[in-house]
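There are 4 protein chains.
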Amino acid sequence: MSQHRISESTRGVYIISPTPFTEDGKVDLASTDTLLDFYDAKGVTGITILGVLGEAGKLTPEEAAIFLDHVMKRVDGTKPIVVGASNPGTDNLVRFANRAMEKGAAGLMIAPLPGLKTDEQIYAYWQAVLTRLGPDIPVCYQDYPQTTQVVTSVSVLNRLIDDFPNFVMLKHEEGSGLSKISRLRERSDAGKGRRISILVGNGGLYLPQELRRGVDGAMTGFAYPEMLVGVCDKFFAGEVEAAEDLFDIYLPILRHEQQLGFGLAVRKEILRRRGAIACSATRHPGPKMTARDHQELDELMARLDAKLGK
Amino acid sequence: MSQHRISESTRGVYIISPTPFTEDGKVDLASTDTLLDFYDAKGVTGITILGVLGEAGKLTPEEAAIFLDHVMKRVDGTKPIVVGASNPGTDNLVRFANRAMEKGAAGLMIAPLPGLKTDEQIYAYWQAVLTRLGPDIPVCYQDYPQTTQVVTSVSVLNRLIDDFPNFVMLKHEEGSGLSKISRLRERSDAGKGRRISILVGNGGLYLPQELRRGVDGAMTGFAYPEMLVGVCDKFFAGEVEAAEDLFDIYLPILRHEQQLGFGLAVRKEILRRRGAIACSATRHPGPKMTARDHQELDELMARLDAKLGK
Amino acid sequence: MSQHRISESTRGVYIISPTPFTEDGKVDLASTDTLLDFYDAKGVTGITILGVLGEAGKLTPEEAAIFLDHVMKRVDGTKPIVVGASNPGTDNLVRFANRAMEKGAAGLMIAPLPGLKTDEQIYAYWQAVLTRLGPDIPVCYQDYPQTTQVVTSVSVLNRLIDDFPNFVMLKHEEGSGLSKISRLRERSDAGKGRRISILVGNGGLYLPQELRRGVDGAMTGFAYPEMLVGVCDKFFAGEVEAAEDLFDIYLPILRHEQQLGFGLAVRKEILRRRGAIACSATRHPGPKMTARDHQELDELMARLDAKLGK
Amino acid sequence: MSQHRISESTRGVYIISPTPFTEDGKVDLASTDTLLDFYDAKGVTGITILGVLGEAGKLTPEEAAIFLDHVMKRVDGTKPIVVGASNPGTDNLVRFANRAMEKGAAGLMIAPLPGLKTDEQIYAYWQAVLTRLGPDIPVCYQDYPQTTQVVTSVSVLNRLIDDFPNFVMLKHEEGSGLSKISRLRERSDAGKGRRISILVGNGGLYLPQELRRGVDGAMTGFAYPEMLVGVCDKFFAGEVEAAEDLFDIYLPILRHEQQLGFGLAVRKEILRRRGAIACSATRHPGPKMTARDHQELDELMARLDAKLGK
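Protein chains in written order, with our numbering: chain X, 106 to 415; chain E, 106 to 415; chain L, 106 to 415; chain Z, 106 to 415.
Hints were generated in silico from the structure; no laboratory data involved.
Bear in mind the structure is a predicted one, so any value in this text is a computation, not a measurement.
Among the hints, erroneous ones may be present.
Which copy is meant is left open, because identical chains are indistinguishable; a pair holds if it fits in one copy or across any two.
[Stated by the list, open to error] Below, in silico cross-link-like pairs of lysine to any residue (SDA-like), each with a Cα-Cα straight-line distance of 20 Å or less: (1) Lys412 to Asn307; (2) Lys393 to Val256; (3) Lys285 to Pro390; (4) Lys178 to Asp267; (5) Lys147 to Asp410.
Make the full structure from the sequences, and use the hints.
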């Protein structure tokens, strides 16, 4: 299984998976199977479960454990599975993390706790978490201030890169400018520090620009994973403009899906319409689509199909 | 047991209890017993467990269940126990709430979810929660924007008072001015709406002023509960100035304990020094006291003892 | 001049203008002229000055007055000029607003003050501002929680629509879902309240979807105003899909320009490259582009030109 | 005048002054005179004007200039006057700062701009401001995250202490725990860096504890400055417990006045009742006291008078 662990050299598309629910709000394991098959058919490199998009905070621990087990069994070593492990308590985080790794997880996705402010506070939090997880558990740092309000400086990232070999991946989704990527890459290119894997989030909203700056792929939940895969493949094959062209076709619906909060409902609904899951319900409190929202999505999906010649 | 349920006419001091841990971080049931005895000896009316002060978010569900069971058995119907039930997922909230009520809880303390902004959003959240809990489960609304960032208007509270008979208590701890209390009381005094119980939080920092404005007591975690009890007793006996005099003696240490975040460590340490618990550790991430912080507390406790003639 | 006042029936594109500076940081009136000519050539309906994009908070009052006078004289009644008037003090807001109207402004753009939370607080603020401005000064409500943190409910907007005839326009740029537009339009369509003008912000990121939901145009600072104009023109001519097609061509660079904070530097730099202003400097504190950022913009602009057949 | 400049060795009480207004909202220069006399009679070391308490953001630049000139002339070199100079634009900040220094100010009080997050961002902001002000203008860093949301680490403060000799004073009012003071003092005591002046804010809520940790006095707006002066005098004379005793007498009203936002109205009203100013009005938007709030203040002031044997 260890060949499946995420590492500094991980490249490709790790799709972030929602947790499918039935109409009456239960975790839907049948839809989990079809969703995993869907992702497989679209060519993703790996799958990330139990993140914000997976509504992890609204599952019971038993549900999370059952879902995790089910996914691990279904995938059965054919693909790396990254598991979201953010938790307000570090004991709980470590316990769940160890359990996920025992089940065969490829690594963990963890976001810093809301409320951390200074560089010192952020570093100290990660120092505790990464130390307690130990050097053998690879971690992806979810750098997403839009929901955590935690803004991580390049300097903190560099300290963590230098001090903790298990910090192997950054999920880059800070929203203003892409220079964080360039600064990280310039340092490792200059031999001044370890080069880690950087995958991009934010639905992939800036994917081509981020690839040009040196990222290794995407870890995000866009409901058309084949675009993410296609763009990365073309880019890594040197077909940069073709990668951009493909991206542009999907951008109108991507930017629609990317609306904060509301986007989760849209994403699940697209997956439902595409046959990946049976029901697009989210758990309370969660966004719901109105009839007008559905009509809007009809129009956007129809335009995408037309562009794709469908 | 139902004579113990909180209601619109609840009056007195509900002390908010921390969760004691052993030096190696386990829930300390022996200290739980001594702590409950301590509270009993100080004359509190009831006890609130598993709130923010109780580090509920850092317990496993199993630990929370064990702690709840242990407290219920130890108290054995002699005092009402209010149980914190805030949760990012409403299904989880309702499930835990029902379990707590089955175990004999007197009611629930619930804070609105971070991220709610407009009156409409806040009302809709409570509408869902209060409806799903049903009319038989009494709820205390923790109105604490300092941690939730949710600011609840008097108008939303009034709508909830009118629409949901199970909204029986407000834990008032919005920090700027006390007119919210007066506005709520003026309405019910004028016969325009139901009068609910209002207990104050914030460590009791404004307790005498809040009593003068018509609150029914306190629900907070000050480590000298005898002060809260004494002030309320004197006030309700008409000895208003004597109530203020008693309050003033404790105010220097109260305002020290009231520091946001850091205060939890101080509070547990005072309880330890007073013999109520064996260890003042908090779980990670949580505040820690330095040697200098301990010295500061020595000085403040010594001054209090001197004033009390000890 | 009053034919130029904004009103409930205003329709079209009001471009939000930056304030051009010289290399040494002075307000650049020569570039102001070329910029106004540029906007005129692109066919905008009106121009909005001294907003956030105009770095109004970093001008001296004298500079703001000189810039305002200069713009009014240059435009000379050929186009309506909306003036940003947000201010921490209401006296200052009203004084500046009156001065702007005397100079011939078409109306004011005002955002609610940061720190307002509840519906009651937000309504009370606007009640004071709209009352003090008086019924003859038309106001555009900048509804932009991404910078103000103030989230305005549909219910507050409806109360303001009913109570203040000078509230004539909403600049819609709340970021999550577009149902606010639909709810406002459904009410006025049902004859339950006044129909006001709604122009969209956010760089136009959702312009086609917002037009389909009933907005009247855009008030935003996208550096290719001809796209905004073209999309609105086509849409209002009934060529909905053609409007979307045109929009999609510009979307990659639009979403790049839309990055919070950083976007101001990109926008000014595009305007410089297009010959509209001489220098793209922003005042401190403000974003700056690195060499790598410039290269990224080269690539995006080249791709746009290629799509446009240039 | 330069003997009056604030410096690393400044000690004592710098009272923060409100800006008095007349009933019709004008700056009240007659009340400014009586207020300055009041502060003088209470024995303050210096006076700080045009801060948040001074409603600086709601004055016109002309009003601020007139008020500054008036204060400087009235005080006429008998006391150091620190001038608030925070500004969203650095050009404006520097221009106003230079003007204030030319008029004889003892130094500037500046808070970091809201929106700064990482250590790097905060340092870079101050680097720009302190460089542009130049080494001859002494600056007090207002470290007040309760309003700015900017949390400054000890590490950033130390870098600024090392790099900028004009950073001579810290106004300490970060609210959670006092270890920042101890860490700064430990470093300079160990000879590892310059010792700067630290004055405390927050109304003086933790003044005795902060003095014990090594601060040099207070810079805050408590409406009974004689307490701040008396506590500091006693403390520096070695009468530590007497200093605490004096503090405790005023603590009930201090903690009342310290309520965020609302406190400004209380403070001005106490000053009015004490004869220091003629009118307690604040400018819109600003807090107002209800009849019930006035009654509450009556009670608190009566209790204070009783304790003082008045």
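Now for the hints, and whether the structure bears them out:
1. Lys412 to Asn307: Neither way: Lys412 and Asn307 sit 23 Å apart in one copy and 25 Å across, limit 20 Å.
2. Lys393 to Val256: Between copies only: 19 Å across chains, 29 Å inside a chain, cut-off 20 Å.
3. Lys285 to Pro390: between (33 Å within a copy, 19 Å between copies)
4. Lys178 to Asp267: Classified as neither: same-chain Cα gap 35 Å, cross-chain 51 Å, threshold 20 Å.
5. Lys147 to Asp410: within (16 Å within a copy, 32 Å between copies)
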